[in-house]
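Q: Protein chains in written order, with this note's numbering: chain V, 116 to 269; chain Z, 28 to 655.
FYI, nobody ran anything at the bench for these hints, they're computed from the structure. Here the structure is a predicted model, which means the values were calculated and not measured. Here a beta-carbon is modelled for each residue, glycine too, at the ideal position from N, C-alpha and C. Don't take each hint at face value.
Which bits of chain V does chain Z cover? Going by a derived footprint, with three or more residues having C-beta under 8 Å, they are [stated by the list, open to error]:
(1) 135–142
(2) 174–182
(3) 189–198
(4) 229–241
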Amino acid sequence: MEVKELKEKVKQVLQKYQLDESVLVDILHDIQAECGYLPKEVLEETSRGLGVPLSRIYSVATFFKAFSLEPRGRHLIHVCTGTACHVRGTVKVLEKMEQALGIKTGETTSDLKFTLETVNCVGACALGPMVIIGENYHGEMTPETVGPVLENYN
Amino acid sequence: MTEVKSNNGNKQRTIYICQGTGCVSGKAFEITEALKKAVAEQGLQGVNTDFTGCHGFCEQGPVAIVEPEGIFYACVTVADVPEIVDSHLRDGKPVERLFYKDPVSGEAIPHHKDIKFYNMQQRIILRNCGRLNPERIEDYMATGGYESLKKCLKEMTPEQVIEEVKRSGLRGRGGAGFPTGMKWEFLRNAVGEPKYMICNADEGDPGAFMDRSTMEGDPHTVLEGMIIAAYATGSSEGYIYIRAEYPLAVKRVRLAIQQSEEKGFLGDNIMDSDFSFQLHVKEGAGAFVCGEETALMASIEGKRGMPRSRPPFPATSGLWGKPSNINNVKSLATVPVIIARGADWYSSIGTEKSKGTCVFALTGKIANSGLIEVPMGIPLREIIYEIGGGIPGNKNFKAVQTGGPSGGCLPESYLDQSVDYESLAAAGSMMGSGGMVVLDEETCMIDIARYFLSFTQAESCGKCVPCRVGTKQMLDILERICRGEGRHEDIDLLQELGKQITAGSLCQLGQTAPNPVLTTLRYFRDEYEAHINENRCPALFCANLISFYILPDKCQGCGICLRNCPTEAIVGDKRMVHVINQEKCVKCGTCLEVCPERFSAVVKVSAEEVDVPSEPIPVTAEKPQTST
Ligand SMILES: Cc1cc2nc3c(=O)[nH]c(=O)nc-3n(C[C@H](O)[C@H](O)[C@H](O)COP(=O)(O)O)c2cc1C
Ligand code: FES
Chain V
116 MEVKELKEKV
126 KQVLQKYQLD
136 ESVLVDILHD
146 IQAECGYLPK
156 EVLEETSRGL
166 GVPLSRIYSV
176 ATFFKAFSLE
186 PRGRHLIHVC
196 TGTACHVRGT
206 VKVLEKMEQA
216 LGIKTGETTS
226 DLKFTLETVN
236 CVGACALGPM
246 VIIGENYHGE
256 MTPETVGPVL
266 ENYN
Chain Z
28 MTEVKSNNGN
38 KQRTIYICQG
48 TGCVSGKAFE
58 ITEALKKAVA
68 EQGLQGVNTD
78 FTGCHGFCEQ
88 GPVAIVEPEG
98 IFYACVTVAD
108 VPEIVDSHLR
118 DGKPVERLFY
128 KDPVSGEAIP
138 HHKDIKFYNM
148 QQRIILRNCG
158 RLNPERIEDY
168 MATGGYESLK
178 KCLKEMTPEQ
188 VIEEVKRSGL
198 RGRGGAGFPT
208 GMKWEFLRNA
218 VGEPKYMICN
228 ADEGDPGAFM
238 DRSTMEGDPH
248 TVLEGMIIAA
258 YATGSSEGYI
268 YIRAEYPLAV
278 KRVRLAIQQS
288 EEKGFLGDNI
298 MDSDFSFQLH
308 VKEGAGAFVC
318 GEETALMASI
328 EGKRGMPRSR
338 PPFPATSGLW
348 GKPSNINNVK
358 SLATVPVIIA
368 RGADWYSSIG
378 TEKSKGTCVF
388 ALTGKIANSG
398 LIEVPMGIPL
408 REIIYEIGGG
418 IPGNKNFKAV
428 QTGGPSGGCL
438 PESYLDQSVD
448 YESLAAAGSM
458 MGSGGMVVLD
468 EETCMIDIAR
478 YFLSFTQAES
488 CGKCVPCRVG
498 TKQMLDILER
508 ICRGEGRHED
518 IDLLQELGKQ
528 ITAGSLCQLG
538 QTAPNPVLTT
548 LRYFRDEYEA
558 HINENRCPAL
568 FCANLISFYI
578 LPDKCQGCGI
588 CLRNCPTEAI
598 VGDKRMVHVI
608 NQEKCVKCGT
618 CLEVCPERFS
628 AVVKVSAEEV
638 DVPSEPIPVT
648 AEKPQTST
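Please take these sequences and the hints and turn them into a complete structure.
A: Structure, rendered in structure tokens:
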């Protein structure tokens with residue numbers, strides 16, 4: 116995305132809110148939904164728009180796991196590492212996922228197709244191990260089903 | 028037996044598909060659409076297709092209930108839709124094939140109310156979950172919803188509401204179990220305006236989904252409880268803080284707020300009284316510590332979600348320094364029922380000190396995973412073996428974990444313990460907010476302790492040293508024990524560190540972080556000792572401590588293991604006994620999984636030598652008898 120286009124997006128997001136510091140987290144959520152991550156230029160623009168120092172914005176953006184300062188893949192993979200999924204064998208699913216994508220947890224494939232992350236319970240424990248790709252929930256995953264599931268995404 | 032009286036088109040029937048997250052991951056949306064389409068195509072009169080929130084029986088999902096008969100269908104797929112529509116909805120003949128089968132007797136059970144998983148529960152908080160459409164306020168009102176609010180506003184003073192809640196004995200369901208009525212009184216008596224009422228829907232325990240299911244299945248209960256709480260405490264503004272990982276809950280709560288505002292239950296001059304209350308949704312952003320009340324408030328203020336020391340307590344100085352109160356989703360969801368049915372009724376349920384019911388997300392190595400609500404005081408054994416249906420796969424029970432990362436693991440000898448705040452705390456665990464994970468003989472207790480520690484360690488906000496550095500040290504020790512590099516002094520060191528972290532941490536995240544380690548040390552010390560002294564993992568789990576061997580007297584040389592081994596660690600040939608190269612083996616267990624059951628030639632051992640050839644030798648084993 117062009118820097119100009121990004122700035123325009125920030126403007127639109129900021130317009131939605133009554134501006135005070137308390138909406139910072141909401142704004143970051145919105146920007147991330149728009150851009151897929153939190154680009155530096157956008158955070159600078161947010162800082163100006165909100166009148167909040169850039170350091171404060173970074174302190175919040177880096178605190179919460181939901182925010183990413185790096186570009187992420189088109190498909191966001193969340194492997195559940197909650198307790199229920201853990202005892203049902205998530206570790207092996209995650210290993211297989213890393214192997215199949217050739218990246219480590221937290222990384223993005225070089226073609227910007229997939230980003231691999233973990234999440235602590237998505238509330239579908241009965242069907243664990245759970246893997247969420249984009250908005251799709253895949254339950255009862257095993258190392259063997261990793262490949263076939265990934266093939267559905269391009 | 029299961030024939031339902033002929034409908035002749037004049038009987039109203041509604042099929043409710045569960046659209047909780049579990050069932051949605053099993054394609055509940057597609058099933059609902061297919062049903063709607065098929066019903067429309069057939070032009071069936073008097074048949075409705077609707078959806079509900081979570082039924083709790085996620086293990087059997089996607090589930091559907093046909094009312095008014097109360098027929099329960101388990102594991103429904105899109106392919107089953109034509110048969111359900113033709114046979115049941117049109118001809119009145121339920122589809123037996125889709126009935127729930129009792130895991131013990133194998134008997135098919137048609138009616139929802141006869142299924143043990145349900146009929147041993149007592150549902151107060153979850154009373155509407157799975158029974159009404161959570162996106163329609165009218166459904167909630169038809170069950171008497173918002174009548175309790177009306178009663179409070181028209182017939183009771185705020186003080187009387189507080190008195191009623193105090194008398195009911197309701198204690199906070201967020202973990203600590205502090206009496207809810209007392210918290211409300213603190214806020215009522217606090218000086219300063221405005222006052223804030225906050226609902227804690229951060230549900231951070233990894234492996235628990237009670238609050239999510241309540242919000243998804245019956246969001247108006249939570250709102251009604253919250254509005255009553257606001258009235259009682261004199262709050263004019265409120266927040267529901269929901270985990271960002273729960274998009275469906277966020278959506279349903281937002282919709283419920285909008286509907287409630289339209290009906291005049293929220294906003295200015297509620298039900299024509301002079302009480303006004305504005306309610307907002309705040310989404311979290313993935314930080315466990317934000318479930319802690321002071322961190323949660325910091326996060327609402329748009330700051331890093333770090334806890335601060337208390338006092339001052341939120342009632343005196345909370346959100347933006349104003350008097351505030353925080354309650355858990357389930358605490359609030361109970362309130363409308365207490366008002367409707369009275370404190371005496373509520374306090375007649377449960378034990379002397381723990382009143383009412385508790386909701387658990389029952390998961391792990393258990394046959395009937397799902398969401399359950401039981402009276403306080405019920406023995407653990409009943410939950411696990413009666414409602415939960417026991418451990419699947421003929422495995423033995425090892426431990427049950429409650430309280431999430433702050434809780435502990437209780438062994439078999441505690442199964443007859445009553446489930447209540449005091450008993451669980453005395454055993455070294457805690458009630459927590461409702462996660463209950465069952466562990467079987469294949470679960471390594473050191474690995475579980477390590478798992479929880481790695482969770483709290485990663486979630487430690489870093490503000491105080493004991494938690495930030497201490498949990499890291501504990502984790503390092505646990506990791507080396509799992510790797511088989513444990514040292515003799517490690518057990519004492521863990522105990523000592525645990526004590527220090529508990530005593531020195533700023534918030535309960537750190538104060539309770541050692542619990543999973545301390546309870547496993549208390550009840551499963553022999554497993555620690557086996558790892559450290561004998562390099563043995565009794566559960567055969569820790570990769571560094573186990574080995575796989577192919578038994579020469581069983582191997583038929585079929586080659587399946589060789590083809591599947593990801594590291595090419597297996598050598599062999601046709602009709603030759605295969606051999607695993609232990610140097611190359613990464614202990615993934617694939618060979619054990621793929622070896623045909625009739626051969627069962629692969630074994631997993633820990634700290635044991637198995638006599639196998641060093642190179643492939645001709646097969647000598649006799650072909651096993653097969654029936655096919
Ligand atoms: C690290 C940590 C995480 C917590 N997470 C939650 C949570 O997810 N949900 C919750 O209701 N309470 C949580 N609590 C407890 C809250 O601080 C608070 O006690 C509770 O919300 C009060 O509500 P109650 O009185 O209705 O139980 C957590 C506490 C700590 C220390
Ligand atoms: S632990 Fe994975 S969904 Fe709950």
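Q: What are the numbers of the hints that this structure violates, sorted from low to high?
A: No hint contradicted; all consistent.
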